[in-house]
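**Student:** Listed below, chain by chain, are the residues.
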Amino acid sequence: MSIPLHIRINENSYNLQVEEDETLISLLRDRLHLTGVKEGCGNGECGACAVIADGQPVRSCIILAAEMEGKSITTIEGLTETDENGNVSLSPIQKSFIEEGAVQCGFCTPGFIIAAEALFMRNSDPGDEAVKEALSGHLCRCTGYKSIFKAIDKTVKNRYKT
Amino acid sequence: MELKTVGKSITKFDAFEKVTGEAVYIADVEFPNVLHIKVVRSSVAHGRIKTVFTEDAYKTEGVRGIITGEKIDFLAGICIYDQPPLAKDRVRYIGEPVAAVVADTIAAAEKAARLVRVDYEELPHVEDPVDAAGEKAPLIHEELGSYFHLPGFNPEPGTNIFHHYHLEKGDTEKGFKNSDVIIERTYTFPHIAHAQIEPHGAIAKWSKGKELHIYSSTQGPFIVRGALSRMFNIPNNLVRVTVPYLGGGFGGKSDLTIEPLTAYAAKFFPGRWLRLILTREEMFFGSLIGRGTHSHIKMGFTRNGKLVAADVKVHLAGGAYGDYSINIVTGTGHNATGPYEIENVNIDSFGVYTNTPLVGACRGYGHPEAHWMTERTMDIAARELKTDPVKLRLKNILKPGSENNLGQIIRKSNGDLEGAIRRAVKEIQLDKREEPDNPRFAAGKSIAALMKSPVMSTNAGSSVIIRANRDGTFHLLASHVDMGQGSVTALSQIAAETLGVPVEKIHHNRGVDTEFTPYEWQTVASSTTWKAGSAVKKAAISVLERFKAIASEVFKTTPDKLTASNERIWYGRNSISFADLAEGYVFPDGHAIAGPVIGTGSIVPQGLTYPDRKTGRGELAAEWTFGCQAAEIELDKKTGRIRVKKFVTVLDAGKIINPVMARGQVEGAVVQGIGAALNETLIYSDKGRVRNSNLTDYKIPTPEDTPDEIVTVFLETPQPGGPFGARPLAEHGIVSVAPAIANALRDATGMDFYDLPLNQDRILKALYGKGEEK
Amino acid sequence: MKYLVPHSLAEASELLLDTGNSMLLAGGTDLLVEKRAGRISPEAVIDIKRIDNLDRITLQENRLVIGALATITDLLRYKSLPEELEALHDAGKEFGCYEIRNRATIAGNLAHASPGAEFGSTLIALNAEAEIFSIRGIRNLPVENLYIKAGKTVLERGEIIAKIIIPLRNNSASSYFRASRVNGMDMAVINCALQGFYDNNKTGGLNYRVCLGAAASVPVRLPEVEKMLSRIDGTAARSSEVFSGIKSYLLKTLNPRALSLRAAPFTKKVLAGNLIEDACCKVRERLIK
Ligand SMILES: Cc1cc2nc3c(=O)[nH]c(=O)nc-3n(C[C@H](O)[C@H](O)[C@H](O)COP(=O)(O)OP(=O)(O)OC[C@H]3O[C@@H](n4cnc5c(N)ncnc54)[C@H](O)[C@@H]3O)c2cc1C
Ligand code: FES
Ligand code: FES
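In order, the protein sequence lines correspond to chains A, B and C.
So the first sequence is numbered by our numbering: it starts at 1 and just counts up by one.
So the second sequence is numbered by our numbering: it starts at 1 and just counts up by one.
So the third sequence is numbered by our numbering: it starts at 1 and just counts up by one.
There could be a bad hint or two in this list.
Below, in silico cross-link-like pairs of lysine-lysine (BS3-like), each with a Cα-Cα straight-line distance of 25 Å or less [as the list claims (entries may be wrong)]: (1) B:Lys637 x C:Lys49; (2) C:Lys49 x B:Lys638; (3) B:Lys59 x C:Lys282; (4) B:Lys111 x C:Lys2; (5) A:Lys71 x C:Lys252; (6) B:Lys645 x B:Lys687; (7) B:Lys426 x B:Lys412; (8) A:Lys71 x C:Lys49; (9) C:Lys247 x B:Lys638; (10) B:Lys637 x A:Lys150; (11) C:Lys247 x B:Lys637; (12) B:Lys432 x A:Lys154; (13) B:Lys638 x C:Lys2; (14) A:Lys95 x B:Lys399; (15) A:Lys154 x B:Lys505; (16) B:Lys765 x C:Lys2; (17) A:Lys95 x B:Lys646; (18) A:Lys132 x C:Lys93; (19) A:Lys150 x B:Lys8; (20) A:Lys95 x B:Lys637; (21) B:Lys765 x B:Lys432; (22) B:Lys645 x C:Lys93; (23) C:Lys252 x B:Lys770; (24) B:Lys765 x A:Lys132; (25) C:Lys2 x B:Lys637; (26) A:Lys132 x A:Lys154.
No lab work stands behind these hints, which were simulated from the structure alone.
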């Protein structure tokens, strides 16, 4: 059995049929092949699967696809922009992650970037506490986190320079 | 010569695809006609398999087969062949694969796997390595004596000891007789998990009954190739191992893990891809785990602080199969006494079979285990000797001219340990005391020195290929696995520097494919930049030589009259661009010479040998990296929690190829080390089951747990053999984290701890327990 | 599994009654975890998120009413939280992480009945009631009486926690503290919620309600400790005497589960005493302010 789902993902509208027990992560990864959404734990503990749903960051491994009826989802794939010539431009936070060495194996990276992007959507000038709050519950085993904090700080600072 | 690329913080070549979600990891690889594997795992720690009931499972819709170990007639392994890919007759730990259910969907496979019933005759089990080495322990491998093993290992058939490494130097009896102060302590380091954020996976397919292609998130594609080739008795060149982007290894994806099982199951479904991606839960027992040592150390000092004798016994709980920890036994052994020169040493390091998941390489590879005892003991000794712990260390450290346990003479080029210690003392401001205002907190500071050598096979070779392209760009092909450490970038920097071209002109393969990329032993032991980097340098030089050889025909001279610079080969004031030489030279009249240029470079660590059978000494370490770490901590006596306020690491890693990436390695290792020091441990049930097999109760450090300040300092004494003077660097940041913190805790509270982790249970019991409760 | 979307509480209750082995789905942060781990396999989930107005938090005359769908984030963002209910804010801040708080509901936290749940002990200390809806009728139940054992409440089939009602109490203050293993996201090793209040005309001393989470299989009130706390008179000597009395009392009487993965029983007992001390000091500080 399946049920209809109307959903926007990275600015595209979809009319889908989903299984009742299909998780959002499975819809995104297995069906729509948005494999930038990562599964690190499958039980809400690591943050690798984070996506933005109607402006709020959530963990797609512990949400049913069916719960997302009418919602608008942004995944890591939705953060880059491509112009008419096919040139890709990265969002400021993506750039800072590269520049500050905040990416090692990269498996946690989409989750962290989504969390940071969602933070900027709700707070254009977050302080240290807000940044900590936004990243809490995201695990990275490679970087020790310092470079990730630096990348976010840098993005905040750059915004105010320009 | 001024370096243009090496030593610069070039941003990572593969970061773009990682921040955009383009990078394809094992779980993202998709195939047509794929089948899914769910592993049925042993629910008893030790037992005989009586029957495996698969009828109910078979009835599940979508199930295509259930593979068991019954018919397996070979054992897999690298150093000691002791493990079947699926249990045969016997299970030896909870989590051991007993059957592989193969189905159209993962959901069907999971459902069916729950319906497979296995009856066991349970046998007594043992988890503690000292118990397991004892005479009364249940024997886990009766056939140990018949297992094939490489030279250099010493199993003791009839016991659970799969490797006994013994080292002796001087005369310890005499040494202790001449000691005025003897310190004797016992330490433990529990089993921990690598907890890479990416779960391990493998996807395999057989063709024509004799060709195997396997995708795996492995750190050792050529190790996997060799082992599978041997297991299935097929030629090396018909086993193809492909490694996509790898989401964190730390040793947990080295050697062999799930590949033999996946390949074995796939054999029954020729032409189809069989996919096994571990769940997070399975990552705690279905792949590799780390550490698990029980160590006893006795150190003898003269009154004026000279360390004259050491006697060490280490028991490593290697898990139910010993293959992956067998080298750690040797590594922990010869490093057991830390970076000190001691005249009289006796070391016995035992790798012991236990009914637990399998221990394998884990960031640090024996060194954190060793330093946990040595660096704690040095602190305790300093107190007993009423001397300063820094002075005591400086008095005894290995320095140029000293002879280490192995009999190697330390050279100046091995690095500046004294400088590292002094620098760490300075960075942490060891002489400055700040007492917290609030009496619920206690503050402390301390240091712990470290050394590390890459523990590796004597023939751990590297080879690379550089291809020149007609527009003056280059392809660098190599088979190290970049799991975030940045080796793709670092090796490209070495290639660019040697060729004298901008680094943007180098393209390095992402991922590895044994079909196309040249041999590399495996990506472990912090050795890639140093070892494969040397091969890159050689390959680049061979490209330049080819260019010169071709140009010499054009200029009608000999190659030695030519020079290379600015992407051209020069003869006096005439020159030809690399681009015009890349595919051979074409003369104005159209006739061409030489053909496309490729350069190759191969190396093997110089002069490594097996340990001497009697003394355990010999050339077991190709290089040394020395350093010192320091911690400033605060203990909240009400919660029993330690906060690491500042952590300092000083390493002499030779020339740093890429400072930002090098710092990233150290910071990551430090925080991982803090996790192991403060919280991480696998918790076993009475029955031998890992109870905290999830990130909810296996707590790794979170963003809020990172220290307020992490200071990383590199001293750069050049390494003559290393590329541009580089030495191994990566794991080193984890080696002495635990002892630095425990020493600081002692400084803060006067309490000595010998067991890890330093969690609330231990600390509150020490603060308030006073023996009234266990 | 069926996925059902009722549009009213009545419909939801009916669905619960009509469908065997069905479960309500709120934020799903417990339900999906349990399901994926194979610990539950409901035949139907009844997603109540599309029932209108259930996510409201409203301040009424002498009580705060939290709707069944109010998330932890809703609570933390709620501007008019009365000062005396600051424990709710304390608990919300400790809870999970930002992304979990966006989904997790307070009612779901109660209903899941995990022993260390943030809002179990907090709402008990605040003397809250759950309004329980069923098509067979509505009943109100003190949160304190909700629990049977770990993972089990007295809710019967067809019953839904519709609201959580927290009485406001003049001259009171509250606080919540938890002990955890790491600084970031974790489950409570043990937690403590505490309310301090003067009797109506502020004549007598301070009285307390104290509740511990993760100290037993359900959140536990500690009447004896409440009594001991009321002997605090503001002098340092008396305080330290009372607290050390409480600590030895807890060492003797608490009996946490021996096999907890989060801490040994002794650790929990020590932490309980220390948390009560911290929570009490915080409450007194808040009251005096
Ligand atoms: C990563 C992570 C971290 C977490 N951290 C914490 C933490 O720090 N502290 C903590 O306490 N918990 C924590 N939790 C657990 C969980 O988030 C909470 O218990 C949460 O409040 C549950 O609410 P929910 O809306 O998600 O419930 P759901 O998962 O939707 O439901 C939980 C249970 O309650 C039932 N239910 C839901 N709503 C009602 C209702 N109105 N009436 C009757 N029954 C109902 C459901 O049928 C189900 O059985 C964490 C969970 C995760 C995954
Ligand atoms: S995969 Fe969803 S939180 Fe880890
Ligand atoms: S970069 Fe590897 S887990 Fe974060």
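**Student:** Hint by hint, say whether it matches the structure.
**Tutor:** A quick look at each hint next to the structure:
1. A hinted pair counts as satisfied when its Cα atoms are at most 25 Å apart, and B:Lys637 with C:Lys49 does not qualify at roughly 44 Å.
2. Taken as a hint, the C:Lys49 and B:Lys638 pair is broken in the structure, with Cα atoms around 41 Å apart against an allowance of 25 Å.
3. Among the hinted pairs, B:Lys59 with C:Lys282 is inconsistent with the structure: their alpha-carbon atoms are about 61 Å apart, more than 25 Å.
4. Taking the CA atoms of B:Lys111 and C:Lys2, the gap is near 18 Å; set against the 25 Å cutoff, the hint holds.
5. Using a Cα cut-off of 25 Å, the hinted pair A:Lys71 and C:Lys252 is violated, with the two alpha carbons roughly 53 Å apart.
6. For the proposed pair B:Lys645 and B:Lys687, the alpha carbon gap of about 39 Å is over 25 Å, so the pair is violated.
7. With a C-alpha separation of about 22 Å, the suggested pairing of B:Lys426 with B:Lys412 holds against the 25 Å cut-off.
8. For a cut-off of 25 Å, the pair hint linking A:Lys71 to C:Lys49 stands: about 13 Å separates their Cα positions.
9. Among the hinted pairs, C:Lys247 with B:Lys638 is consistent with the structure: their alpha-carbon atoms are about 12 Å apart, no more than 25 Å.
10. For the hint linking B:Lys637 to A:Lys150, the alpha-carbon distance of about 31 Å lies beyond 25 Å, and the restraint is violated.
11. This hinted pair checks out: C:Lys247 and B:Lys637 have alpha carbons roughly 15 Å apart, not beyond 25 Å.
12. The hinted pair formed by B:Lys432 and A:Lys154 fails the criterion: a straight-line CA distance of about 33 Å is larger than 25 Å.
13. Restraint check for B:Lys638 and C:Lys2: the C-alpha separation of about 49 Å exceeds 25 Å, so the hint is violated.
14. For a cut-off of 25 Å, the pair hint linking A:Lys95 to B:Lys399 is broken: about 44 Å separates their Cα positions.
15. Restraint check for A:Lys154 and B:Lys505: the C-alpha separation of about 29 Å exceeds 25 Å, so the hint is violated.
16. Note on B:Lys765 and C:Lys2: the hinted pairing is violated, with a Cα-Cα distance of about 50 Å set against a maximum of 25 Å.
17. The straight-line distance between the Cα atoms of A:Lys95 and B:Lys646 is roughly 28 Å, outside the 25 Å bound, and the hint therefore fails.
18. With a CA separation close to 12 Å, the supplied pair A:Lys132 and C:Lys93 stays within the 25 Å bound.
19. Simply put, A:Lys150 and B:Lys8 have alpha-carbon atoms about 19 Å apart, close enough for the 25 Å limit, and the pair holds.
20. Restraint check: the Cα-Cα separation between A:Lys95 and B:Lys637 comes to about 42 Å, which exceeds 25 Å; the hinted pair is violated.
21. Only pairs whose Cα atoms come within 25 Å are accepted, and B:Lys765 paired with B:Lys432 is rejected, the gap being roughly 29 Å.
22. Straight-line distance between C-alpha atoms of B:Lys645 and C:Lys93 comes to about 23 Å, which keeps the hinted pair within the 25 Å bound.
23. As the CA atoms of C:Lys252 and B:Lys770 are separated by approximately 15 Å, the hinted pair is consistent with the 25 Å bound.
24. For the given pair, B:Lys765 sits about 32 Å from A:Lys132 by alpha-carbon distance, which is inconsistent with the 25 Å threshold.
25. With a CA separation close to 51 Å, the supplied pair C:Lys2 and B:Lys637 exceeds the 25 Å bound.
26. In summary, the hint linking A:Lys132 to A:Lys154 is supported, as the alpha carbons are separated by about 15 Å, within the 25 Å threshold.
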